[in-house]
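Novice: Each chain, letter by letter, is given below.
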Amino acid sequence: MSDSPSDPSASVRRDSALMSRIGAGDVAAFQEVMAGNGRRLLRLAYGIVGRLDEAEDIVQEAMLGLWQAAPEWQARATAAAYLRTLVTRKAIDVLRRRKKQAGEAVWDTLRDPGKSPEEQLAASQDRDLVQYHLGLLPERQRAALALSHFEQLSHQEAAEVLDMKVEAFASLLARARRSLRHSVEQADTHKEFRKTGKEIEGYE
Amino acid sequence: MNDSSGATDRLDHMLDSHGSDFSRWPDQTAAAAARRAALSDHGFRQKLNQARRVDAALDGVAQRLDLRLAESGAEMRLRDRLLAQVTAQSEERRFFSPVLLSRFAAAMLVACGLGVAASRISPLPASLDPQRDELALGFVDLPLDENSAI
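First to last, the protein sequences are chains A and B.
Adding 13 to a residue's 1-based position in the first sequence gives its number in our numbering.
Adding 125 to a residue's 1-based position in the second sequence gives its number in our numbering.
Keep in mind the hints are simulated off the structure, nothing from the lab.
You can take every hint at face value.
Here are the simulated lysine to aspartate or glutamate pairs, EDC-like style, with alpha carbons at most 20 Å apart: (1) Lys103(A) <-> Asp66(A); (2) Lys103(A) <-> Glu200(B); (3) Lys113(A) <-> Asp66(A); (4) Lys103(A) <-> Asp176(A); (5) Lys178(A) <-> Asp152(B); (6) Lys103(A) <-> Glu69(A).
Which chain B residues face chain A? A few, computed with CB under 8 Å, are given here: (7) Lys172; (8) Ala176; (9) Arg178; (10) Arg204; (11) Val211.
From the three backbone atoms N, C-alpha and C, an ideal C-beta is built for every residue, glycine too.
Chain B extracted, bound-state conformation (with noise of 0.2 Å):
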């Protein structure tokens, strides 16, 4: 392969991946090399025309499908469908969600430390203080004899 050869192999690699509008080629100096060879080279420049139309023609497909997705209102059915299924999960995902169990967890903790803290300053164990029955319960279940309170 001459390097004449090697070039043009280059332009058509170029032309093939990035298209027929040479703006977009990310290597403006092949990209210069192409419009000379499009004006020089009869083979590139068929290339190059069978490359534009396959571009326009590519355009036209995605016209084409936008077109159809406006008219089909596929867009409304998959919302539809989504949120149908998604609603009834967000429920239990709100249950569930972090923020509640930490939030949860963190009351537990300072339910925990009260309890400890009350058992510190209170000399009786929990089951024969009355005051403290008083405090939760709101009355005093006192013992009936002394054997039964234990």
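So that you can see chain A by itself, here it is in the shape it has in the complex (with noise of 0.2 Å):
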């Protein structure tokens, strides 16, 4: 099941089908909206929280949501946008919960396949220094990167997800990727330090 970008009404009556025929107990029907959901809905989750068994059980807990709310269901949003909506507010408050538990960020480690070490330092130094920002952003500015990045989400989709205006979704966006910048520009600063012997003295 896909959003229809020229007619979100028409997508929002075809869900609206399959959310009386959920609403009667129609298993089949719900297999649909896994089967169109599911992975997407697993990737944005994982996105926010960076651990995959939470994101599992995030994804989960939404559907369940969809299948209890089916008998009463209003033909607002797409069953999609509606999922989108749970599984992004139950991935912040995953984070808040984390946050006073543990008080720090955790992410899965993710390997790149059939490299050794040495090539994976080097190809994905980037994608290692970003991801683990990642997970030192707060928890809405980690959300809107995942919505717009991961997601590919219009402002004006991902600041109805997160319940705010455009124009603060946009200042959201741009803090988060402004820190993640930074820490590119330092890291850079860093290995400028390194190259010279004095100031690796300095430095560490």
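Reassemble the complex: the two chains are provided individually, in unrelated frames, and hints are given to aid placement.
Specialist: This is the structure in structure tokens:
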């Protein structure tokens, strides 16, 4: 199931029919929604929380939320948009809870298969750096980046998910990108220091 | 703040809001100004290069997420877990579905209507009408005497 940008109301109507079937206990209709959204939702949740086990739990809760909501479904949005919003908000909640418990960012180790550690280091330096700093961003900034960059949503769509104005979303996203840009800039500065012997002593 | 630094700040903000791909900027006039600034302004060019590295790195992170997801079998696991939970609830939901309940209500209404119509046709109360007993029960339970009938 994918949104049709040309006619969103048609998608809403089509999903409304699907939701009526789910509301009546039609498992096949539910499977249809799962097949159309499962992978994307997992990626979104994983992109925000950085842990696959938590991402699975978040998507499971959201899908069950859809199942529960189906009998009372109001045809205002597509099932995909509803699920995206649920997943994003649940993922932000998970990050907030985690921050209270541990106070630090956690990301699964993501490796490139088929590359030696040296090759991986060279090829993925920026990626590792950005991924590390992504884990340090405040939860709403992470969500903004995931929605905009991983989900490829427009500012308008992403702002609706986070329940904020478009201008506020643009500022949130700008802060997130600026932080990542500064992390790259600082890493370059540190590399420059490392090039000269005296600075290495001073720096390290 | 003079006009020049104001314009640069605006371009910086656009760069951070919309990314380093100028073709995706909603304001193409600003995008054209950014292209010019990239050629003439060393500071902006440096920021643009960093922004490109960040965007490329984010693309890389997205690819890693996809790869990890595909390897992990998370989608199948999730599907199995959800189906196990939902299938158990679906029978109950089907039984109490609005369609079935409305059909049941309609059947009850028809039955009541038939009952009222039958009482209008028959002059005797139902308990004293042997024809109705015969119709409904298939036999007639005649009273043994006059007193026991009531």
